[in-house]
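So you can see what is in the structure, the chains are spelled out below.
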Amino acid sequence: MVDLTQIMDDEVFMAFASYATIILSKMMLMSATTAFYRMTRKVFANPEDCVTFGKGENAKKYLRTDDRVERVRRAHLNDLENIVPFLGIGLLYSLSGPDLSTAILHFRLFVGARIYHTISYLTPLPQPNRGLSFFIGYGVTLSMAYRLLKNKLYL
Amino acid sequence: MVDLTQIMDDEVFMAFASYATIILSKMMLMSATTAFYRMTRKVFANPEDCVTFGKGENAKKYLRTDDRVERVRRAHLNDLENIVPFLGIGLLYSLSGPDLSTAILHFRLFVGARIYHTISYLTPLPQPNRGLSFFIGYGVTLSMAYRLLKNKLYL
Amino acid sequence: MVDLTQIMDDEVFMAFASYATIILSKMMLMSATTAFYRMTRKVFANPEDCVTFGKGENAKKYLRTDDRVERVRRAHLNDLENIVPFLGIGLLYSLSGPDLSTAILHFRLFVGARIYHTISYLTPLPQPNRGLSFFIGYGVTLSMAYRLLKNKLYL
Chain A
1 MVDLTQIMDD
11 EVFMAFASYA
21 TIILSKMMLM
31 SATTAFYRMT
41 RKVFANPEDC
51 VTFGKGENAK
61 KYLRTDDRVE
71 RVRRAHLNDL
81 ENIVPFLGIG
91 LLYSLSGPDL
101 STAILHFRLF
111 VGARIYHTIS
121 YLTPLPQPNR
131 GLSFFIGYGV
141 TLSMAYRLLK
151 NKLYL
Chain B
1 MVDLTQIMDD
11 EVFMAFASYA
21 TIILSKMMLM
31 SATTAFYRMT
41 RKVFANPEDC
51 VTFGKGENAK
61 KYLRTDDRVE
71 RVRRAHLNDL
81 ENIVPFLGIG
91 LLYSLSGPDL
101 STAILHFRLF
111 VGARIYHTIS
121 YLTPLPQPNR
131 GLSFFIGYGV
141 TLSMAYRLLK
151 NKLYL
Chain C
1 MVDLTQIMDD
11 EVFMAFASYA
21 TIILSKMMLM
31 SATTAFYRMT
41 RKVFANPEDC
51 VTFGKGENAK
61 KYLRTDDRVE
71 RVRRAHLNDL
81 ENIVPFLGIG
91 LLYSLSGPDL
101 STAILHFRLF
111 VGARIYHTIS
121 YLTPLPQPNR
131 GLSFFIGYGV
141 TLSMAYRLLK
151 NKLYL
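Protein chains in written order, with this note's numbering: chain A, 1 to 155; chain B, 1 to 155; chain C, 1 to 155.
These aren't lab readings, by the way, just hints derived from the structure by calculation.
Certain hints may be false.
Under the rule of at most 25 Å between Cα atoms (straight-line distance), these lysine to aspartate or glutamate pairs were calculated in the DMTMM-like manner [what the hints assert, rightly or not]: (1) B/K60 to C/D67; (2) C/K60 to A/D66; (3) A/K150 to C/E57; (4) A/K42 to B/E81; (5) C/K152 to B/D9; (6) C/K61 to A/D66.
Please work from the sequences and hints to get the whole structure.
Here it is in structure tokens:
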């Protein structure tokens, strides 16, 4: 039987596991942020969520959209669209035997860029802060995909 | 050469594989549910989808939104936002050598909470049914992330 | 210590890595396509994105939705909803020791169907082009889930 705990002795894999867990936890914060704004601004998407604020027609006025909430939701969806490729490609890249320092540089750049992307989106900072942080994360993932396909293509 | 089939002899990993497959299959049901409501209620997002119901201006009236369809879509997006972190963090957690019974408790709680979340969202059940099931799934994922980072942090 | 680079000697796993990387890269193209249409059609979701096109009230007219942009966004979300289950179930399926030619057939069908889905969505081609390509990808993922649970169920 393979002792799976040994997989975690591989330094590249351990680094990937750490950075992936950090960026996924950050993404989960977006759910809490949405919930926070929905509660404090009384902006809901479902009738059953606002019954504590009033009955019948009185409750319906809380079924609306709000700029602040929509902004958090757009940031959350953008996270999903970019973190899913990072997870898939990053996992396979980590298993393809890359150089440790190159791999860590990729992971750090991605995680840093995505955190800065969230800050730029929620503050909001003027462009090109958000655009630039998006493209850094995007480029990091494509760079890992390129190295993976160059070394290990099997179709 | 590593015999990869041996990885599946690891009990924690087999349990993760089973629960992950079950919850992903449940998430895929949401696509079918959306399609079902779009067909039976004749509510479409694309002009090419409603040509069988009429031509020209007559078809355009089916390009609309519907409470029931939007509810399923929100439940689906909430699934994505929560199952993606579970998959990433759960996979790495499974490889980090956790105690079998602790790991299975995490997986069962998460899968149970997410199935109950879908039931609460689609029925809909009054709050706090949906809120509670959301937070159980959320807490399980954070608990796995915490154990992973505590034991294996490598930055 | 396990030499992780040996995992990539497994042919099924290498094939999965290649096809997963290709389909994730295709999904990332959807972000670039959205950005392209937003720029060329001057359709933005955030006030900070359109300041270069005018000041104050003049800029606000670019905060709108556009059929073309919404179409790309729907295709992107549909990709996410279908590629996430493929990644999770496909990874576990690849590790469960399937027959090489069966596995490659699954991966090729999925990747082909999803690429055709995107072409059908963005052109747009008349139905049932998009519907059919959706159901092929859906069926492939369910087929892998079925084989995984049949052989390796551990609850």
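Results of checking the hints against the structure:
no.	hint	verdict
1	B/K60 to C/D67	holds (14 Å)
2	C/K60 to A/D66	holds (16 Å)
3	A/K150 to C/E57	violated (50 Å)
4	A/K42 to B/E81	holds (22 Å)
5	C/K152 to B/D9	holds (9 Å)
6	C/K61 to A/D66	holds (18 Å)
Of the numbered hints given earlier, the model fails hint 3 alone.
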